[in-house]
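A.B. asks: Listed below are the residues making up each chain.
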Amino acid sequence: MSHTTTQPQDDVLAVTLASDLTSENEPVDRLKQAFGPKVVPGNPAIWVGIFSELTEFGIFFVIYFIARVHYPQEFLEGPLQLHTTAGTINTLVLITSSFCVVKGIFALRDSRPDAAVRWLWMTVGAGMLYLIIKYWEYQWNVDRGIEVNTNNFFAVYYYTTFNHMLHVGWGSGGIIWAISQIKSGRYTADNHAGLIAAACYWHMIDLAWIMIFPLLYVLR
Amino acid sequence: MSKLASLTANGKHLNVYWVLLIAMTLLSAAIAERAEPSLLITIVIAAMIVIKARLVIDHFMELKSASPYIYHMMNAYFYLFPLIAVLSWLFPETLAEWTSLGP
Numbered sequence: 001m002s003h004t005t006t007q008p009q010d011d012v013l014a015v016t017l018a019s020d021l022t023s024e025n026e027p028v029d030r031l032k033q034a035f036g037p038k039v040v041p042g043n044p045a046i047w048v049g050i051f052s053e054l055t056e057f058g059i060f061f062v063i064y065f066i067a068r069v070h071y072p073q074e075f076l077e078g079p080l081q082l083h084t085t086a087g088t089i090n091t092l093v094l095i096t097s098s099f100c101v102v103k104g105i106f107a108l109r110d111s112r113p114d115a116a117v118r119w120l121w122m123t124v125g126a127g128m129l130y131l132i133i134k135y136w137e138y139q140w141n142v143d144r145g146i147e148v149n150t151n152n153f154f155a156v157y158y159y160t161t162f163n164h165m166l167h168v169g170w171g172s173g174g175i176i177w178a179i180s181q182i183k184s185g186r187y188t189a190d191n192h193a194g195l196i197a198a199a200c201y202w203h204m205i206d207l208a209w210i211m212i213f214p215l216l217y218v219l220r
Numbered sequence: 001m002s003k004l005a006s007l008t009a010n011g012k013h014l015n016v017y018w019v020l021l022i023a024m025t026l027l028s029a030a031i032a033e034r035a036e037p038s039l040l041i042t043i044v045i046a047a048m049i050v051i052k053a054r055l056v057i058d059h060f061m062e063l064k065s066a067s068p069y070i071y072h073m074m075n076a077y078f079y080l081f082p083l084i085a086v087l088s089w090l091f092p093e094t095l096a097e098w099t100s101l102g103p
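Line by line, the protein sequences are chains A and B. Using this note's numbering, you'd call the opening residue of the first sequence number 1 and step up by one each time. Using this note's numbering, you'd call the opening residue of the second sequence number 1 and step up by one each time.
Keeping only pairs whose Cα atoms sit at most 35 Å apart, straight-line, the calculated DSBU-like set for lysine-lysine is:
hint : chain 1 : residue 1 : chain 2 : residue 2
1    : B       : K12       : A       : K134
2    : B       : K12       : A       : K183
3    : B       : K64       : A       : K183
4    : B       : K12       : B       : K64
These aren't lab readings, by the way, just hints derived from the structure by calculation.
Based on the provided sequences and hints, a complete structural model is requested.
C.D. replies: Here's what the structure looks like:
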């Protein structure tokens, strides 16, 4: 959508996007009132997506806590049967990927698009590594007879981590899109709201795992 | 420009936060492998979730300078669930009773 590529600065995007969409002043004023003088990073639409995704993960977390208090023995023994090292490596990989995204943004702001692209490719590489490790972990589980219907703990584990894995997949697609925009010159030091939006989505994926890892692999 | 301001401008301060996040993750893994379940461990893990989330939200997402609605909602989310983790350790029977469908 052209709105995200034609704005001169990220920090006026919320208001200018709204003014593009409507000729009435009233909705724009309401938007200004709602967000005040502070910025909406990326664009408002991505935050609808991010909070929708966090709501989805929040439902998974609520289910985790409910299942945990109803089946304490399964949740006491379950984490011990998981491959903690695989979970730990994936946490390190995702944290590093989040670091690479923001380093890429700083590089682009510093008018170093080639460096930005390198950082973002490292993010995508980390995402792919995450998916490979997760696939290997699932295979390792299945080889030991751990499947979705093994017990309630593993049902929660598979549904939550598989859902998260899907987000890593399409989040990587968003970063690849941002790379293509930098390479084509559409995203520059002064105009890269779309990259900010993709980055915020990626950080949300990292944040969800920051919650998932301790709940499923550490806490008993 | 002060040294700190210079580091912040070129993004080098992010390296420190990355190291902190890595260190806390390794500590969590060590706890998972060795520590027996307890209230103290639950509180430590919950606190680490909050600290890690705040580091990502404040510095990687740069939400400190964003709309306060977004910033506070993001923060609230990552305070709420660690708090529920501690409460579910302290009052498991009560939570089980509240979430039971039967009479």
